[in-house]
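S.K.: Sequence lines, in order, name chains A and B. Going by the working numbering, 77 is the number at position 77 of the first sequence; the sequence numbering is gapless. Count along the second sequence starting at 1, add 1000, and that's the number in the working numbering.
Worth flagging that the hints you see were computed from the coordinates, not collected in a lab. A couple of the hints might just be wrong.
Each pair of labels, with its calculated beta carbon distance range [stated by the list, open to error]: (1) A:D95 / B:V1012: 18 to 24 Å; (2) B:E1226 / A:T44: 40 to 46 Å; (3) A:D95 / B:D1008: 35 to 41 Å; (4) B:V1730 / A:S7: 45 to 51 Å; (5) B:L1490 / A:T44: 33 to 39 Å; (6) A:D95 / B:P1153: 38 to 44 Å; (7) B:Q1034 / A:K3: 37 to 43 Å.
Just so it is clear, CB atoms sit at the ideal spot from N, CA and C, and this is done for glycine as well.
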Amino acid sequence: MSKRAISFNLNGESVDAMVEDRELLVHVLREQLNKTGTHIGCETSHCGVCTVDLDGESVKSCTILAVQVAGRSVMSVEGLKDQSGLHAVQQAFIDEHGLQCGFCTTGMLMRAYRFLKENPDPSEEEIRWGMSGNLCRCTGYQNIIKAVQSAAKKLKNVEQTA
Amino acid sequence: MSEAEQVDRQDVIQGIGCSRKRKEDPRFVQGKGQYVDDIKMDGMLFADIVRSPFPHARIKSINKEKALALPGVHAVLTAEDLKPLKLHWMPTLAGDVQAVLADEKVVFQYQEVAVVVAENRYIAADAVDLVEVEYEALPVLVDAHKAMDADAPILREDLVGKMEGAHGKRLHDNHIFSWEVGDKDPTDRVFENADVTVEQKMYYHRVHPSPLETCGCLASYDNVREHLTVYITSQAPHVVRTVVSMLSGLPESKIRIVSPDIGGGFGNKVGIYPGYVTAIVASLVLGRPVKWIEDRIENLSTTAFARDYHMTGELACDKDGKIKALRVHVLADHGAFDACADPTKYPAGMFHICTGSYDVPVAHVKVDGVYTNKCPGGVSYRCSFRVTEAVYVIERLMDVMAQKLGIDKAEIRQRNFVKPEQFPYQTCLGFELDSGDYNTGLKKVMEAVDYAGLRREQTEKRAKGELMGIGLVTFTEVVGAGPSRTCDILGVGMFDSAEIRVHPTGSVIARMGTITQGQGHQTTYAQIIATELGLPSDNIQIEEGDTDTAPYGLGTYGSRSTPVAGAATARAARKIRAKACKIAAHLLEVSEDDLEWDIDRFKVKGVPGQEKTMVDIAWAAYNNFPEGLEPGLEAVDYYDPPNFTYPSGAYLCVVDIDKGTGVTSVRRFYALDDCGTRINPMIIKGQIHGGLTEGYAVAMGQELPYDEGGNLLGNTFMDYFIPTAVETPVWETDYTVTPSPHHPLGAKGVAESPHVGSIPCFTSAVVDAFAHLDVTHMNMPHNAYRVWKQIHALGLNTGK
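Please model the complete structure; the sequences and the hints are all you need to start from.
M.R.: Structure, rendered in structure tokens:
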């Protein structure tokens, strides 16, 4: 099957890939670009373990074709940490025991990252709805919600001191 | 020494009882976990499986030509290709055999018919579509109750005439076993003369553990070294190595099985599945690494199911509700092959824990297993072997009896509890309950929720025609299999193991025969060693899952990690401490009797300042040890538990049901657990949250239904219920501590209790909402439609 060249921005860097038209973004991220932090859990857009950020929106990379991201900006979990260390959502998931097997965690973090930009001061109810596209089998969500609340607080403090 | 200094030293160690943060988390939050599908090898190929659309059919022909002609396809293998290698059938954990690839006929929908191996997963998927299989449909058997009818279609032609099965006599070609325990005649006699008896039929529906990571493996056979490496999603890698050795003829020393990070197991990853075997065979045949990763439909349709028990429970009591006898019959639907994951001698697992937390004088249990045209499996979904079913039947019966006698459901339980002074308590079905304090737990729960107040509120609501239900469960589990004299898997006793090495500078590496799937073993095992050796948890590295390095163990399921491998860890550490004591005595020039252990050091009794820390001793173990003592500081322990452990709990649930829609809202769920000694309270709480949520899923929505034609309905996440953060209730947790007297640390295991205990509690609550209308039982799942049907049948939603 013929391939086409695409370029896009991944975690702040320009990347090139040769892809078939039918190839899913998640496969290109994992298999060509070695970003295996983005996982695959259902392939029907239900579980959210493949969640990445695309031009400032959460998307499930199992239902996006790689060719659709040509010229656009993608952020995966590998892009969350910066020079100052772990992102607030990453630290909060550790502190609040918001993860167990770790498989859904990367998608959860990417959703939490975007959700807190959309709604920096959410209620518990809003967090439950805002995170409801991401499934977890281990935690029962209670500590994930606490982690998102705690990250929100921290991000707000950072903003206020900045 | 001041108290503050002691506290400081404990803080450094972060041992048992400390809610320390998990050691596994930093790599997981950075996307640096390594799950099977993350592993790549040079020259790696991908396997995909051709599956049967028919639940029962004869295979007339398989045409591979078009698939083989597709560029990038390396092989298409069928049963015919596996036959010369004698790998077209494999043994199951239950003493049956299972077709690796369908041999002349298929017996369940989605059964493995052929495997395609190709350059990448896209080409493999294309090639699957190009394999042409011609089927001749056969009559389908879906209803387990009809399995032993004279005119039932015979599913297993390979077993025709073999009337002696792995568990005794078979009564019909579709019959697998009859298993009985207890005293039939005395039980029957009690029932004949009892003041009050109740009988309740209940169907525990077919569900699936569905961890978010599906099953898969990467097999790599090196035909120069004649060595096989398999990365695999397995909860029991050492057992996998033994089975692969038996199947392939390769010695175990030439096989390395690695369970890397596992994205949840919950019982799904105990079994050995055709996909694994075909990937291994393909690698042996092609001499290249072959990866097989199932998709979600394959996961829900073929690798493991849980439950599917048609249960009839009967309870006999006196007028005061004191239990006199219990009788249970189960028709167990095992699907097309008996691939249940139970200890060899127990075809119904530990179902005979069904006497629960109660003093039951006599009981009789019989389980009949049958074949149907459904997926094989019968795994323990977040529970010890069939314990969820057992707890469900007794807890439902307690409610039904309470209702018949007009006794409150808390009261009837209190009248029947095994009392603290009765432990160790021999159940009439053969278990020895190690310890428990059931009433203390129940009372604590009732006070916390103001039970009497809830009952008053319910009375008021009922008067107004509103539906409010209160569920109550007091469960006892049996976990930590097990004594190897009674428990084995394929002949290997169910012990477990730990190996600990203390390095010269006092850092530690330790390996166990278990494998974490999210339970946090790297954290909790380190805490056990930290307390036993007085070395900081931070410097203790835990490794599991690699058969080349870890000692042999039976793996992680049935809440056996802390009860069995945790015990081995404590004992191995104690061997090291005993040696350290000799070295300390040598260094301090005193006798061992003059020394006492204090958190992280040995001190000379009564001589302040005369002491050696474990770090000092570790260094000396490599350069200044007493004459006659081996250098080094290591130990191995294989622990064969003398008994199971018996965690318990008291759970209470309050629901409100909408009469118009049938939607059940969980207003409150209070879970009190007793898992004995608590190693990491933060992790325990997390495990309980997760188990409660999986219990909620099973009780309220999950099911794998088959239609009359044998078609599986509901095998994607569009249909199969996985609760999101929106549906999931808020959990309140609490605990009591009744240590296990026979476990070196007193720990009992915890992660499965919340699943086992919560499921009957949800049913108890939903049924309770209708109890005043003489409803005694409703089958799960209690989704809105089914609850609405009950409301409708009672005429509660009309006239308004």
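S.K.: A separate judgement is required for each hint: does it hold in the structure or not?
M.R.: A quick look at each hint next to the structure:
no., hint, verdict
1, A:D95 / B:V1012: 18 to 24 Å, "holds, 20 Å"
2, B:E1226 / A:T44: 40 to 46 Å, "holds, 42 Å"
3, A:D95 / B:D1008: 35 to 41 Å, "violated, 22 Å"
4, B:V1730 / A:S7: 45 to 51 Å, "holds, 47 Å"
5, B:L1490 / A:T44: 33 to 39 Å, "holds, 36 Å"
6, A:D95 / B:P1153: 38 to 44 Å, "violated, 58 Å"
7, B:Q1034 / A:K3: 37 to 43 Å, "violated, 28 Å"
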